[in-house]
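Taken in order, these protein sequences are the chains called L and E. Residues in the first sequence are numbered consecutively from 1, following my numbering. Residues in the second sequence are numbered consecutively from 421, following my numbering.
If you're looking for bench data, these hints aren't it; they were derived computationally from the structure. One or more of the hints may lead you astray.
Within a straight-line C-alpha distance of at most 30 Å, the following computed DSS-like cross-link-like pairs (lysine-lysine) qualify [stated by the list, open to error]: (1) E:Lys-503 x L:Lys-236; (2) E:Lys-805 x L:Lys-385; (3) L:Lys-329 x E:Lys-749; (4) L:Lys-149 x E:Lys-597; (5) E:Lys-503 x L:Lys-180; (6) L:Lys-289 x E:Lys-805; (7) E:Lys-597 x L:Lys-325.
Label pairs and their computed distance ranges (CB to CB) [said to hold, decoys possible]: (8) L:Asn-16 x E:Lys-709: 49 to 59 Å; (9) L:Ala-202 x E:Glu-485: 34 to 44 Å; (10) E:Glu-539 x L:Gly-350: 17 to 27 Å; (11) E:Glu-539 x L:Gln-223: 56 to 66 Å; (12) L:Lys-149 x E:Gln-461: 21 to 31 Å; (13) E:Glu-820 x L:Gly-71: 33 to 43 Å; (14) E:Gly-770 x L:Glu-9: 25 to 35 Å; (15) L:Gln-223 x E:Arg-542: 46 to 56 Å; (16) E:Gly-517 x L:Arg-338: 40 to 50 Å; (17) E:Asp-654 x L:Arg-244: 34 to 44 Å; (18) L:Glu-72 x E:Lys-709: 27 to 37 Å; (19) E:Lys-499 x L:Asp-360: 48 to 58 Å.
Built from N, CA and C at the ideal position, the CB exists for glycine as well.
Number of protein chains: 2
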Amino acid sequence: MFRKLLSFEEAKSRINEACPLKSLGAEELPLLEAVGRILAQDVASPIDVPSFNRSTVDGYAVIAEGSFGAGEDNPVVFKLVGKVDVGAPSNLAVEEGAAAEIVTGAPLPANADAVVMLEYTREKQGMLFIYRPVSIGENVMLRASDVAKDETVLKRGATLHSSQLGLMAALGFSTVKVFKTVRVAIISTGAEIVEPGRPLPAGKIYDINTYTLASAIAEIGGQPVIFGIVEDDDDKLLRSTLERAIADAHIVVTSGSVSVGPKDVVPQILNKLGNPGIIIHGVAVKPGKPVAVAMVRGKLVFSLPGNPTSSLVIFHLFVRPILLKMMGKQEYQSPVLRAVTSKRLISARGRRTFVPVAVDEERNGQLIASPILPGQSGAITTLSKADGYVEVRETQQFIEKGKEVEVFLFRNLREANVIS
Amino acid sequence: MFRKLLSFEEAKSRINEACPLKSLGAEELPLLEAVGRILAQDVASPIDVPSFNRSTVDGYAVIAEGSFGAGEDNPVVFKLVGKVDVGAPSNLAVEEGAAAEIVTGAPLPANADAVVMLEYTREKQGMLFIYRPVSIGENVMLRASDVAKDETVLKRGATLHSSQLGLMAALGFSTVKVFKTVRVAIISTGAEIVEPGRPLPAGKIYDINTYTLASAIAEIGGQPVIFGIVEDDDDKLLRSTLERAIADAHIVVTSGSVSVGPKDVVPQILNKLGNPGIIIHGVAVKPGKPVAVAMVRGKLVFSLPGNPTSSLVIFHLFVRPILLKMMGKQEYQSPVLRAVTSKRLISARGRRTFVPVAVDEERNGQLIASPILPGQSGAITTLSKADGYVEVRETQQFIEKGKEVEVFLFRNLREANVIS
Chain L
1 MFRKLLSFEE
11 AKSRINEACP
21 LKSLGAEELP
31 LLEAVGRILA
41 QDVASPIDVP
51 SFNRSTVDGY
61 AVIAEGSFGA
71 GEDNPVVFKL
81 VGKVDVGAPS
91 NLAVEEGAAA
101 EIVTGAPLPA
111 NADAVVMLEY
121 TREKQGMLFI
131 YRPVSIGENV
141 MLRASDVAKD
151 ETVLKRGATL
161 HSSQLGLMAA
171 LGFSTVKVFK
181 TVRVAIISTG
191 AEIVEPGRPL
201 PAGKIYDINT
211 YTLASAIAEI
221 GGQPVIFGIV
231 EDDDDKLLRS
241 TLERAIADAH
251 IVVTSGSVSV
261 GPKDVVPQIL
271 NKLGNPGIII
281 HGVAVKPGKP
291 VAVAMVRGKL
301 VFSLPGNPTS
311 SLVIFHLFVR
321 PILLKMMGKQ
331 EYQSPVLRAV
341 TSKRLISARG
351 RRTFVPVAVD
361 EERNGQLIAS
371 PILPGQSGAI
381 TTLSKADGYV
391 EVRETQQFIE
401 KGKEVEVFLF
411 RNLREANVIS
Chain E
421 MFRKLLSFEE
431 AKSRINEACP
441 LKSLGAEELP
451 LLEAVGRILA
461 QDVASPIDVP
471 SFNRSTVDGY
481 AVIAEGSFGA
491 GEDNPVVFKL
501 VGKVDVGAPS
511 NLAVEEGAAA
521 EIVTGAPLPA
531 NADAVVMLEY
541 TREKQGMLFI
551 YRPVSIGENV
561 MLRASDVAKD
571 ETVLKRGATL
581 HSSQLGLMAA
591 LGFSTVKVFK
601 TVRVAIISTG
611 AEIVEPGRPL
621 PAGKIYDINT
631 YTLASAIAEI
641 GGQPVIFGIV
651 EDDDDKLLRS
661 TLERAIADAH
671 IVVTSGSVSV
681 GPKDVVPQIL
691 NKLGNPGIII
701 HGVAVKPGKP
711 VAVAMVRGKL
721 VFSLPGNPTS
731 SLVIFHLFVR
741 PILLKMMGKQ
751 EYQSPVLRAV
761 TSKRLISARG
771 RRTFVPVAVD
781 EERNGQLIAS
791 PILPGQSGAI
801 TTLSKADGYV
811 EVRETQQFIE
821 KGKEVEVFLF
831 RNLREANVIS
């Protein structure tokens, strides 16, 4: 069957149009269960912060006007009327000529509009000598000067890191409304695939893709749901597993076994499930040309290649952006770094080519990107060496050796100690 | 009381010497619960991968020698003796002059040492015509050529991302031994501090540090244990809370309230708990000069400043590296980026100064670091604006406006959509 392959951009935009963004709602969580989650609404402050006029120094609260004219040789004398501590509400008020002892963080007593620092005063038998004048507002943080009631402090879509959660706490929130995480069903297909932990019969290999895909999903905050391994020649089981996965999850990712190739079993079943069924079958990319995408019962289903590195590349290109979008992270990017190619990177004729590369740091600090070709070396060697990929456009025949390129990373290399 | 402050380096090395690295052991987890965790042992492969000689193409398995001399005009004729599928063990063997149909990924039958690609053959009534010779090993991935049994594939200390977990699965592991995560007790002290979610009495403020510190701990994979708010004038409760925290957690972090200042309540109690008690009290840094560190009953206790941004900076400088070390991440670094200062950054005389900065991207892509001084603006404004900090050494009076500096980030700015 002849079919014209979609270009990379055509495939991306067709998936984006089909993405069922509205299927995920928001949920309310305790602050500390929301670390790394995405805010689902704007947050306005329910209070003034500070909620009182607050001293920023240790000293004496006064009406500033009474201190005017004070100097080192002619102190102004105030009458001490009490003390204000932090956190201790008081009914104290200062009148003209009166002063109240105050510590950093305590609320100013009524009428006071400034604080004289301790070091410019001397106390003697209930009387306070002030040796330097203060102006109105000096050493005072006014009510609402940090955050005013009803002020918007965080916007929908913000990622909740330590500062943002501290901010929510400061305003008195104990819970926060965040976007739900996406549930992603994962199915591995193939007659030769065995679950890790079991004995390995002759001629079989262990399942890799369930684990690479599930951890890549977990790393961005998604919730992988493992549906295990289904033999691709068992049409009935494959169909019922796909139906269960579609019913249970927000989105489904299958990875095909090498044996599927010409039979296209998964796409055939997805097309039968229908409405519309397959929306993409084959994209002009390398690796991953046979990738298929379906929309079934309002859910997206991705059918990825069986080779682990290829399926990880296709996951990063097509699935990850959709998962992030569904979780409210509209513009999240992969970590990127710039490196120099160790040899020529060759594109596949007429296809957007994503060359898996290893990144290494040379002694002089220069980062080097070396291509690793899935298929040329073993699946595991390739997977363990590839740190990310470099894009070669259809219009380029190759990228020359020694050229600076952008590497889109599978993970943070600094964290993995690959680079310093 | 006069005391000479320790330098930043002296404090760091005194903490490092005291760090109770041995207190954390390893635990065994299912692969998918180990995402982002640190491998606690070297991993050697228990199997050969592939565990059989594997065809890398669709075609016919033969003894290569029999194909020598084949050409487009003089095909060599083989007798077809059967078919090998993926995952289907067979007792098939090929003798001289015999060929077996084979698909990609399937094990070679006995005696076969090469695979002729489908496109260079033609089948007719049980006979196979081969139009091109193959050499020994052609289109075959030999047993153990990807990974050999007993080969070390991952090293202790590796972070388990998708590729590493895929690798473990490929070798048949269903569990992995990782370092335990560190349990960190968090105590907020201060008479004016109220738990978020409760009403705010006059003169009080909501607890921020419990939430900033707990999320910063969770973000690096630690396990925060919240001990709540203790009034710092309740010596007995503070002491018993510290004792419970020390007994329960691997490490304890308190943050002091502004009112503690001259009284140093927490350090006094820690010193009484003793053996040795306080090992550091006061470091020549800004912010965070009053920071205290104790070793009590084999556990480190950090007493951080009350100002949220200051306590977050001190957490990043002193506590975070220790937590990472305890969890096995020996050389983990904060994310760093280079930016240009928007104004002169001034150091505190004789102290290592860490200036909190906001990072913004200008239209031309230039990153600008603007200082935000805790204390000059409100605590919340400062906290929400600071993306990280810039270090100014004691030997520098200032860093000039317009100079390129390294910014140590509190979080990944790309992820937070601050920069593109």
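Status of the hints after comparison with the structure:
1. A distance of roughly 25 Å separates the Cα atoms of Lys-503 (chain E) and Lys-236 (chain L); the hinted pair therefore holds under the 30 Å criterion.
2. Among the hinted pairs, Lys-805 (chain E) with Lys-385 (chain L) is inconsistent with the structure: their alpha-carbon atoms are about 39 Å apart, more than 30 Å.
3. As the CA atoms of Lys-329 (chain L) and Lys-749 (chain E) are separated by approximately 28 Å, the hinted pair is consistent with the 30 Å bound.
4. Taking the CA atoms of Lys-149 (chain L) and Lys-597 (chain E), the gap is near 50 Å; set against the 30 Å cutoff, the hint is violated.
5. Among the hinted pairs, Lys-503 (chain E) with Lys-180 (chain L) is inconsistent with the structure: their alpha-carbon atoms are about 50 Å apart, more than 30 Å.
6. Restraint check for Lys-289 (chain L) and Lys-805 (chain E): not satisfied, since their Cα atoms lie roughly 45 Å apart, outside the 30 Å limit.
7. Our distance criterion of 30 Å between C-alpha atoms is broken by Lys-597 (chain E) and Lys-325 (chain L), whose separation comes to about 34 Å.
8. The hint said 49 to 59 Å for the Cβ distance between Asn-16 (chain L) and Lys-709 (chain E), and at roughly 53 Å that hint holds.
9. One distance hint, 34 to 44 Å for the beta-carbon pair Ala-202 (chain L) and Glu-485 (chain E), is violated here, with the actual separation near 26 Å.
10. Checked against the given bound of 17 to 27 Å, the beta carbons of Glu-539 (chain E) and Gly-350 (chain L), roughly 20 Å apart, stay inside it.
11. Hint check: Glu-539 (chain E) to Gln-223 (chain L), Cβ distance near 44 Å, so the stated range 56 to 66 Å is violated.
12. About 55 Å separates the C-beta atoms of Lys-149 (chain L) and Gln-461 (chain E), a value inconsistent with the hinted range of 21 to 31 Å.
13. Range check, Glu-820 (chain E) to Gly-71 (chain L): Cβ separation about 38 Å, and the 33 to 43 Å hint holds.
14. At about 59 Å, the beta-carbon gap between Gly-770 (chain E) and Glu-9 (chain L) misses the expected band of 25 to 35 Å.
15. About 51 Å separates the C-beta atoms of Gln-223 (chain L) and Arg-542 (chain E), a value consistent with the hinted range of 46 to 56 Å.
16. With their beta carbons about 57 Å apart, Gly-517 (chain E) and Arg-338 (chain L) fall outside the hinted range of 40 to 50 Å.
17. Restraint check, Asp-654 (chain E) to Arg-244 (chain L): a C-beta distance of roughly 57 Å breaks the suggested window 34 to 44 Å.
18. In this structure the hint that Glu-72 (chain L) and Lys-709 (chain E) lie 27 to 37 Å apart at CB holds, the actual value being about 29 Å.
19. Checking the proposed 48 to 58 Å range against Lys-499 (chain E) and Asp-360 (chain L) shows it holds: the Cβ atoms sit about 51 Å from each other.
Checked against the numbered hints above, the structure breaks hints 2, 4, 5, 6, 7, 9, 11, 12, 14, 16 and 17 and satisfies the rest.
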